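**Q** Protein chains in written order, with the numbering used here: chain A, 1195 to 1606; chain B, 1195 to 1606.
Calculated directly from the structure, the hints in this document are not laboratory data. Among the hints, a few may not be true.
Chain copies aren't distinguished; within one or between two, either way the pair holds.
For lysine-lysine, the following DSBU-like pairs were computed, each having C-alpha atoms within a straight-line distance of at most 35 Å [claimed, not checked]: (1) Lys1487 x Lys1326; (2) Lys1537 x Lys1326; (3) Lys1224 x Lys1537; (4) Lys1454 x Lys1487; (5) Lys1537 x Lys1260; (6) Lys1337 x Lys1266; (7) Lys1405 x Lys1367; (8) Lys1224 x Lys1405; (9) Lys1326 x Lys1337; (10) Lys1260 x Lys1224; (11) Lys1599 x Lys1260; (12) Lys1487 x Lys1224; (13) Lys1326 x Lys1405; (14) Lys1405 x Lys1599; (15) Lys1454 x Lys1599; (16) Lys1337 x Lys1225; (17) Lys1405 x Lys1337; (18) Lys1326 x Lys1224.
Quick caveat: nothing in here was measured; it's all calculated off a predicted structure.
Next come the chains, spelled out residue by residue.
2 protein chains.
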Amino acid sequence: MPVNYATPAVDQLFPVPGVRLGVAEAEIRKKNRRDLTLVALDAGCTVAGVFTLNRFCAAPVQLCRKHLAGGKEIRALVINTGIANAGTGEPGRQTAQASCAAVGELLGIAADQVLPFSTGVILEPLPVDRLKAGLPAAQADLKADNWHAAAHAIMTTDTVAKAASRRVTVGGKTITVSGISKGAGMIKPNMATMLGFLATDAGIAQPLLDKLVREAADASFNCITVDGDTSTNDSYVMIASGQSGVSFAAESDAGWAEVKAAIIAVSVELAQAIVRDGEGATKFITVAVQGGKTIEECRQVGYAIGHSPLVKTAFFASDPNLGRILAAVGYAGIADLDVDGVKVWLASGENSVLVAENGGRAAAYQETDGARVMAQAEITVRVDLGRGAAQASVYTCDFSYDYVKINADYRS
Amino acid sequence: MPVNYATPAVDQLFPVPGVRLGVAEAEIRKKNRRDLTLVALDAGCTVAGVFTLNRFCAAPVQLCRKHLAGGKEIRALVINTGIANAGTGEPGRQTAQASCAAVGELLGIAADQVLPFSTGVILEPLPVDRLKAGLPAAQADLKADNWHAAAHAIMTTDTVAKAASRRVTVGGKTITVSGISKGAGMIKPNMATMLGFLATDAGIAQPLLDKLVREAADASFNCITVDGDTSTNDSYVMIASGQSGVSFAAESDAGWAEVKAAIIAVSVELAQAIVRDGEGATKFITVAVQGGKTIEECRQVGYAIGHSPLVKTAFFASDPNLGRILAAVGYAGIADLDVDGVKVWLASGENSVLVAENGGRAAAYQETDGARVMAQAEITVRVDLGRGAAQASVYTCDFSYDYVKINADYRS
Chain A
1195 MPVNYATPAV DQLFPVPGVR LGVAEAEIRK KNRRDLTLVA LDAGCTVAGV FTLNRFCAAP
1255 VQLCRKHLAG GKEIRALVIN TGIANAGTGE PGRQTAQASC AAVGELLGIA ADQVLPFSTG
1315 VILEPLPVDR LKAGLPAAQA DLKADNWHAA AHAIMTTDTV AKAASRRVTV GGKTITVSGI
1375 SKGAGMIKPN MATMLGFLAT DAGIAQPLLD KLVREAADAS FNCITVDGDT STNDSYVMIA
1435 SGQSGVSFAA ESDAGWAEVK AAIIAVSVEL AQAIVRDGEG ATKFITVAVQ GGKTIEECRQ
1495 VGYAIGHSPL VKTAFFASDP NLGRILAAVG YAGIADLDVD GVKVWLASGE NSVLVAENGG
1555 RAAAYQETDG ARVMAQAEIT VRVDLGRGAA QASVYTCDFS YDYVKINADY RS
Chain B
1195 MPVNYATPAV DQLFPVPGVR LGVAEAEIRK KNRRDLTLVA LDAGCTVAGV FTLNRFCAAP
1255 VQLCRKHLAG GKEIRALVIN TGIANAGTGE PGRQTAQASC AAVGELLGIA ADQVLPFSTG
1315 VILEPLPVDR LKAGLPAAQA DLKADNWHAA AHAIMTTDTV AKAASRRVTV GGKTITVSGI
1375 SKGAGMIKPN MATMLGFLAT DAGIAQPLLD KLVREAADAS FNCITVDGDT STNDSYVMIA
1435 SGQSGVSFAA ESDAGWAEVK AAIIAVSVEL AQAIVRDGEG ATKFITVAVQ GGKTIEECRQ
1495 VGYAIGHSPL VKTAFFASDP NLGRILAAVG YAGIADLDVD GVKVWLASGE NSVLVAENGG
1555 RAAAYQETDG ARVMAQAEIT VRVDLGRGAA QASVYTCDFS YDYVKINADY RS
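Please build the complete structure, drawing on both the sequences and the hints.
**A** In structure tokens, the structure reads:
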């Protein structure tokens, strides 16, 4: 059961002109489930992506990087679930290559105009023949209003499909932004990981899109943690078709701020949906750190709190365990932190409670006030480091019996 | 239930001439439990310590650092459980100071010849009057063969008392090393953390002891992780009384290697006992990393594996989940790691199974072989990074339902 999240209805996910999606059952690992998604892009799209930093990055990630760097126009994405094609060495690279070649042949484009994505069991070979056999059905299913189906087809252990759309108007023209994502732990090396895809019909020049995808990832997928692990297959890809008739080449262009805001909002919604569907999650927690000297140190503190199993189990127990939060601030790695200048609040909705200041518990703090906040499903831990103007937020969930159950019982 | 650990019997914990220990019930937080330990040192001891790096370090830790830096001969240690005196600001420093003054008055020494230690609930004031009232009983109990009682008196949520002793002979004279430790999570900000005390009747010159305590901590307490958290009160203190008649001033002194080895062996045993008694632990796991360019990168990989909740839940489930281990190696932060050169073995006792090489699963690996190792209570994950000669080990335990239960249910 995700925390305060439901998949948008079919008609709330707006088609993006220039982008068609098709899904099929390819029996990659199991029968009777849609496990293959094909995304066909009209000519004229720009595409950019960010990928896992894990050294054991999967074969399709290696190929995505290569094809994006190659400079040819990307015309298709192919996404399979069931098998991650990670930890598969040279044979894995060959099957990823063969998938791209098959898509290319089908669509009449070159293999290096295709980006491949896989998620699922790692260390197992990808049955590329079954993938190829499924492609014609996915092609036959290609349509612009298929985001809902695609959101479902990329799920692995997700309990809910994740998607978001926005529309903004620029110079009298409507620009659409739609996206889908999957993931329930930050890593599931058996059913691997987090994928995100976003498309807009704004035109976005390649250098601007390259910068945007990084900024959007930093504000969204790079701010979330379920268990602190980083997978072999993490990918976030952004597509700009230009078919709205509105194009952007520079940040100073009129309307860019609105479009960028919509793209970041969709990115954040897709990323937060992963945390809301986090394995065993019963609460959605925002760790908002302000008053740092740098964004980096704010993120360090945010992640120290967001990763701490002790903090996360306390949230599960609705326990306003201030000591665990302060200890995490203290070991976050800011060597010259003056703890007497640190303030901490627990907040939910309108309710904000100052819990710590001057190196310890706030004088007026009553545990019953903290407990009232902790009983909510959406909680913000706000930390003021009292040493600068930088701020950053990290999104996480609590740590429950079910997290252990899911991860201990799970077998490929 | 600790994993393969039992407290040594009273007569297996050897007295250290020059060091007497006494325990008492002071009702620091609860009645009818021994919660106060006094350690009296004869004149002529050298003393050195290492302490938490947490910026929210507790008042007694601040005072320990000050008194050790002050250069006066340390003549006593006072240790209370129940209240950690952490996150207590200036009033906390005053109560820690008052504890030292009270011990000094009782023993006829100066307050800054006393090192104070507290472990227990944080953010609560230390009831220093009750501590003072308990001191005469602790003093009356002072005796050299009291290590067993002291090991019990410093416990908080530990399920077993932790102690170790060794004797070595140097130049026909017997040198004794005895120590005690406490801790069950790396941090329990309510019942805080890890303490260790070691004494020997070897004489060790201050510069040599200062170096030794760091080396011993790096080989023991700094190699363990239960949940990756670092507490506000962590302390490891080493005492050398010199009463064996054998003294050391330099590493080249005859017999030093043997004495140092015994001290490190006791340190490792005390540290590993904490992991064996880790909250909810059912398995003891050694992550032995070799073939690194530096010790630091070996430790990075060791901690990436040892901290990963996904790896730790897989161990709990006796699941040889190779993917989770490889993924942790991949995200450990070695930017230029060639994953094709990495090898991984799972081992227990005589049984060692090569599970990964060439960037994926080893060709001959059968999961039944891995499963046989994972079913054991003592498991070694051996990783060869294939890029150098450095090595390091990290000790950890698995991650069970009980970890969540203990940390979610625990309330002060």
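**Q** If a hint holds in the structure, say so; if it doesn't, say that too.
**A** Right, here's what the structure says about each hint:
1. Taking the closest pair of Cα atoms, Lys1487 and Lys1326 never come within 35 Å of each other, the shortest separation being 52 Å inside a single copy and 43 Å across copies.
2. In this assembly of identical chains, Lys1537 and Lys1326 lie within 35 Å of each other by CA distance solely across copies; the values are 33 Å between and 57 Å within a copy.
3. For the identical chains of this complex, Lys1224 and Lys1537 are inter-copy neighbours only, at 31 Å across copies versus 51 Å inside a copy, given an alpha-carbon limit of 35 Å.
4. Taking identical chains as interchangeable, the C-alpha atoms of Lys1454 and Lys1487 lie at most 35 Å apart only when both belong to the same chain, with a minimum of 26 Å there against 43 Å between chains.
5. With identical chains, the CA atoms of Lys1537 and Lys1260 are at most 35 Å apart between copies only, with a shortest distance of 27 Å across copies and 46 Å within one.
6. Taking the closest pair of Cα atoms, Lys1337 and Lys1266 come within 35 Å of each other only inside a single copy of the chain (24 Å); across copies the shortest separation is 81 Å, beyond that limit.
7. For the homomeric pair Lys1405 and Lys1367, the shortest alpha-carbon distance inside one copy (24 Å) is at most 35 Å, but the shortest distance between copies (71 Å) is not.
8. Taking CA atoms no more than 35 Å apart as the test, Lys1224 paired with Lys1405 passes in neither setting, with 38 Å inside one copy and 59 Å between copies.
9. In this homomeric assembly, Lys1326 and Lys1337 come within 35 Å of each other (Cα to Cα) only inside a single copy, at 20 Å, whereas the closest approach across copies is 79 Å.
10. Taking the shortest Cα distances, Lys1260 and Lys1224 sit within 35 Å of each other inside one copy (30 Å), while across copies they are farther apart (65 Å).
11. For the identical chains of this complex, Lys1599 and Lys1260 are neighbours neither inside a copy (38 Å) nor across copies (47 Å), given an alpha-carbon limit of 35 Å.
12. Proximity of Lys1487 and Lys1224 under a CA criterion of 35 Å is satisfied in neither setting, with 51 Å inside one chain copy and 43 Å between copies.
13. For the identical chains of this complex, Lys1326 and Lys1405 are intra-copy neighbours only, at 34 Å inside a copy versus 64 Å across copies, given an alpha-carbon limit of 35 Å.
14. Proximity of Lys1405 and Lys1599 under a CA criterion of 35 Å is satisfied in neither setting, with 40 Å inside one chain copy and 44 Å between copies.
15. With identical chains, the CA atoms of Lys1454 and Lys1599 are never at most 35 Å apart, being 40 Å at best within one copy and 44 Å at best between copies.
16. Taking the closest pair of Cα atoms, Lys1337 and Lys1225 come within 35 Å of each other only inside a single copy of the chain (24 Å); across copies the shortest separation is 73 Å, beyond that limit.
17. Only within a single protomer do Lys1405 and Lys1337 lie at most 35 Å apart by alpha-carbon distance; the minimum there is 29 Å, versus 70 Å between protomers.
18. In this assembly of identical chains, Lys1326 and Lys1224 lie within 35 Å of each other by CA distance solely inside one copy; the values are 16 Å within and 69 Å between copies.
When each numbered hint is compared with the structure, violations occur for hints 1, 8, 11, 12, 14 and 15.
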